[in-house]
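Novice: Sequence:
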Amino acid sequence: MRRSAGVLRAAVAGLFVLGLALPPLAASLRPLRERVASAGAAASSGSWADEHAFYKRDDNDMSPYSWNITGIYKGSWSFAGATNGSSRFLEFVTSKGDSVLELLSTSTKISGVHYVQGTITFHDVIDKSHDRGVAQIRLEGVYIWPFRQLRLVANSGADGEPLQEEDYFLSNPYHLLRIFSSQVFQDSSEEKNRRKNSLTHDMEKHCNIEIAAKVVRVSSNQNEGDHEKYRLEGLMESPAVDDDGECFSSILLNSTSLNVEAYYNKAVNYTLMVTFISFLQVLLLIRQMEHSNTQSGAAKVSIIMIGQQAIMDAYLCLLHLTAGILVESLFNAFATAAFFKFVVFSIFEMRYLLAIWKASRPLNSGEGWEIMRRELSVLYSRFYGILLGGILLMYELHNFLRLLLFLMYSFWIPQIVMNVIRDTRKPLHPQYILGMTAIRVAIPLYIFGCPSNFMRIEPDKKWCIAVTTFMGIQAAVLLLQHYLGSRCFIPHQILPEKYCYHRKVEDNTNQPIDCVICMTTIDLSQRASEYMVAPCEHIFHSGCLQRWMDIKMECPTCRRSLPPA
42 MRRSAGVLRA
52 AVAGLFVLGL
62 ALPPLAASLR
72 PLRERVASAG
82 AAASSGSWAD
92 EHAFYKRDDN
102 DMSPYSWNIT
112 GIYKGSWSFA
122 GATNGSSRFL
132 EFVTSKGDSV
142 LELLSTSTKI
152 SGVHYVQGTI
162 TFHDVIDKSH
172 DRGVAQIRLE
182 GVYIWPFRQL
192 RLVANSGADG
202 EPLQEEDYFL
212 SNPYHLLRIF
222 SSQVFQDSSE
232 EKNRRKNSLT
242 HDMEKHCNIE
252 IAAKVVRVSS
262 NQNEGDHEKY
272 RLEGLMESPA
282 VDDDGECFSS
292 ILLNSTSLNV
302 EAYYNKAVNY
312 TLMVTFISFL
322 QVLLLIRQME
332 HSNTQSGAAK
342 VSIIMIGQQA
352 IMDAYLCLLH
362 LTAGILVESL
372 FNAFATAAFF
382 KFVVFSIFEM
392 RYLLAIWKAS
402 RPLNSGEGWE
412 IMRRELSVLY
422 SRFYGILLGG
432 ILLMYELHNF
442 LRLLLFLMYS
452 FWIPQIVMNV
462 IRDTRKPLHP
472 QYILGMTAIR
482 VAIPLYIFGC
492 PSNFMRIEPD
502 KKWCIAVTTF
512 MGIQAAVLLL
522 QHYLGSRCFI
532 PHQILPEKYC
542 YHRKVEDNTN
552 QPIDCVICMT
562 TIDLSQRASE
572 YMVAPCEHIF
582 HSGCLQRWMD
592 IKMECPTCRR
602 SLPPA
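According to our numbering, the sequence shown is numbered sequentially starting from 42.
No lab work stands behind these hints: they were computed from the structure.
Ideal Cβ positions, reconstructed from N, Cα and C, are used throughout, including at glycine.
Don't take each hint at face value.
[Claimed, not checked] Label-pair distances were calculated between CB atoms; the ranges are:
1. Ile484 <-> Ser387: 32 to 42 Å
2. Arg414 <-> Arg443: 32 to 42 Å
3. Met314 <-> Tyr425: 53 to 63 Å
4. Leu433 <-> Ile480: 22 to 32 Å
5. Ser570 <-> Thr363: 23 to 33 Å
6. Glu331 <-> Gly526: 31 to 41 Å
7. Leu429 <-> Ile514: 45 to 55 Å
[Stated by the list, open to error] Once the Cα atoms are required to be at most 20 Å apart in a straight line, the calculated EDC-like pairs of lysine to aspartate or glutamate come out as:
8. Lys137 <-> Glu274
9. Lys593 <-> Glu578
10. Lys539 <-> Asp555
11. Lys270 <-> Asp139
12. Lys467 <-> Glu595
13. Lys539 <-> Glu571
14. Lys467 <-> Glu331
15. Lys503 <-> Asp555
16. Lys255 <-> Glu269
17. Lys593 <-> Asp464
18. Lys255 <-> Glu278
19. Lys399 <-> Glu302
20. Lys502 <-> Asp464
21. Lys137 <-> Glu499
22. Lys399 <-> Glu416
23. Lys115 <-> Glu331
24. Lys307 <-> Glu251
25. Lys255 <-> Glu331
26. Lys539 <-> Glu595
27. Lys307 <-> Asp591
28. Lys593 <-> Glu331
29. Lys399 <-> Asp591
30. Lys539 <-> Asp564
31. Lys467 <-> Glu369
32. Lys539 <-> Asp591
33. Lys115 <-> Asp564
34. Lys593 <-> Asp564
35. Lys255 <-> Glu274
36. Lys545 <-> Asp555
37. Lys115 <-> Glu274
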């Protein structure tokens, strides 16, 4: 029995190497848990036990050929011959491009043989509508350790059994975060439909697809630790079916396995960056709240500007929380980043928003708590209504997502406009302007500018340069308003008439006039710049009234509202 089994084993290995009768063999080598019941019946007859003992893989086998090729392989494809054509396959834009191969290897009862299933994705192809996109093929086959050979065929579902959904593809962070980022940042509805329709449905019906590849172990870098790295070098062919000719020219494949652990570390480092950015945001917000801790100072800050930033942080919180739920292995890292973003917008920014609303709200004597609570409810309703409405708007206009992001990063503009209209003096601290500008632009620059970002988004240098320049111009205008005046860049011809506090007053009574702020006498014989005259004709020292207006914009004597100085 053992001798016959050895002969059978050698014959099967020979068939695998030659690639003969591969589709039925791949079907027969699907995970054996589907045949446990039949295995128990065979064991009762006595013949199954001996055969199973011979063919069963030894779990303690640590031979150099027992490599697990499960993983993500990223590389390139190119046509092998001079003629680059396709009769029933998607048209190729160029003669070479990028490809991604995702494989899952499952052990079988035959020692040295694994059942393999997965997908291969080709970039730089166009469908029948001549739109640039991708083509994806589902594969299955066998991997033979001793010969380091991988044989795959297209899974056409001819046997009526669909490709199984394996736990590996549902938990791999590289695979899931790629899907998440493409759904959020890249794919439009047209692209999604094209990708769905570009799966090789027609080709599977009319073409045979075979991939023969050799698995080679590659030396790992020191940064990759003990991770084993493999390279696949092979040929993808489409033999003739019913004398119809080849579906496409032979394609050379060259792919290298990705270190998922390094990819995991890259995602964790990103969440650490977001956490650190959130911590810096808290420090800058505290510095700004100390700068405008008076009623007059808070009233100078634009509530739209702070509300827009709070909504941006709320969106980032939801995105990181969704990514953490989607990728279970990265939940702790993304949940931490989401928590800090939640703290920033729900505690600090909302608190500052309420302080600005309270400072800019006119005081009415005898106003009850019910009226204040009603107005506060309206404020919260508007904020969360805009938050939810923005989500729906981005969902409907996700084809223009980058344009929407560009508009969201115009949050300094409401403050600039408010400074010009009210002629406010130094509403924002320079550290807050510069620090918040740099912090806000960090995340989009990583997502759309870093070539090796973990989301696998293609860099867009033009968009990154545009948003950085746009943010820099806004910050520069705010700094000019801070040091040179709120209306320094507005022509005097179009400026509205401004009340002049430094007007000459004739002293006909010869009686001393005291400043009610410092309780000292005002010398009206000095220059007009030494004292200030309010619209209500009350006179104060220039320095006293300016410091007073930093706290309250009302006359210290009669409580009448004061115009900006």
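Novice: Are the hints correct? Go through all of them and say.
Specialist: Do the hints match the structure? See the list:
1. Ile484 <-> Ser387: 32 to 42 Å: With Cβ atoms ~19 Å apart, the hint is violated.
2. Arg414 <-> Arg443: 32 to 42 Å: Holds - the Cβ-Cβ distance for Arg414 and Arg443, about 41 Å, lies within 32 to 42 Å.
3. Met314 <-> Tyr425: 53 to 63 Å: violated (28 Å)
4. Leu433 <-> Ile480: 22 to 32 Å: holds (27 Å)
5. Ser570 <-> Thr363: 23 to 33 Å: Given a distance of about 59 Å, which is not inside 23 to 33 Å, the answer is violated.
6. Glu331 <-> Gly526: 31 to 41 Å: violated (23 Å)
7. Leu429 <-> Ile514: 45 to 55 Å: violated (31 Å)
8. Lys137 <-> Glu274: holds (15 Å)
9. Lys593 <-> Glu578: holds (18 Å)
10. Lys539 <-> Asp555: violated (26 Å)
11. Lys270 <-> Asp139: Holds, because 19 Å separates the two Cα atoms, which is no more than 20 Å.
12. Lys467 <-> Glu595: holds (18 Å)
13. Lys539 <-> Glu571: OK: Lys539 and Glu571 at ~19 Å, within 20 Å.
14. Lys467 <-> Glu331: holds (13 Å)
15. Lys503 <-> Asp555: Violated - the C-alpha atoms of Asp555 and Lys503 are around 62 Å apart, more than 20 Å.
16. Lys255 <-> Glu269: holds (16 Å)
17. Lys593 <-> Asp464: holds (15 Å)
18. Lys255 <-> Glu278: holds (15 Å)
19. Lys399 <-> Glu302: Given pair Lys399, Glu302 is violated - Cα atoms ~50 Å apart, limit 20 Å.
20. Lys502 <-> Asp464: Violated, because 37 Å separates the two Cα atoms, which is more than 20 Å.
21. Lys137 <-> Glu499: holds (18 Å)
22. Lys399 <-> Glu416: Judged against 20 Å, a Cα distance of about 10 Å means the pair holds.
23. Lys115 <-> Glu331: It is violated: about 52 Å lies between the C-alpha atoms, which goes past 20 Å.
24. Lys307 <-> Glu251: Distance of about 35 Å is beyond 20 Å: violated.
25. Lys255 <-> Glu331: violated (66 Å)
26. Lys539 <-> Glu595: With a Cα-Cα distance of about 17 Å, the restraint between Lys539 and Glu595 holds, given a limit of 20 Å.
27. Lys307 <-> Asp591: violated (48 Å)
28. Lys593 <-> Glu331: holds (16 Å)
29. Lys399 <-> Asp591: This hinted pair holds, its Cα atoms lying about 16 Å apart.
30. Lys539 <-> Asp564: Not OK: Lys539 and Asp564 at ~25 Å, beyond 20 Å, violated.
31. Lys467 <-> Glu369: violated (47 Å)
32. Lys539 <-> Asp591: Holds: Lys539 and Asp591 sit about 18 Å apart, inside 20 Å.
33. Lys115 <-> Asp564: violated (82 Å)
34. Lys593 <-> Asp564: violated (25 Å)
35. Lys255 <-> Glu274: holds (5 Å)
36. Lys545 <-> Asp555: Satisfied, since the Cα-Cα distance of roughly 17 Å is no more than 20 Å.
37. Lys115 <-> Glu274: With a Cα-Cα distance of about 12 Å, the restraint between Lys115 and Glu274 holds, given a limit of 20 Å.
In terms of the numbered hints stated before, the structure departs from hints 1, 3, 5, 6, 7, 10, 15, 19, 20, 23, 24, 25, 27, 30, 31, 33, 34, listed from lowest to highest.
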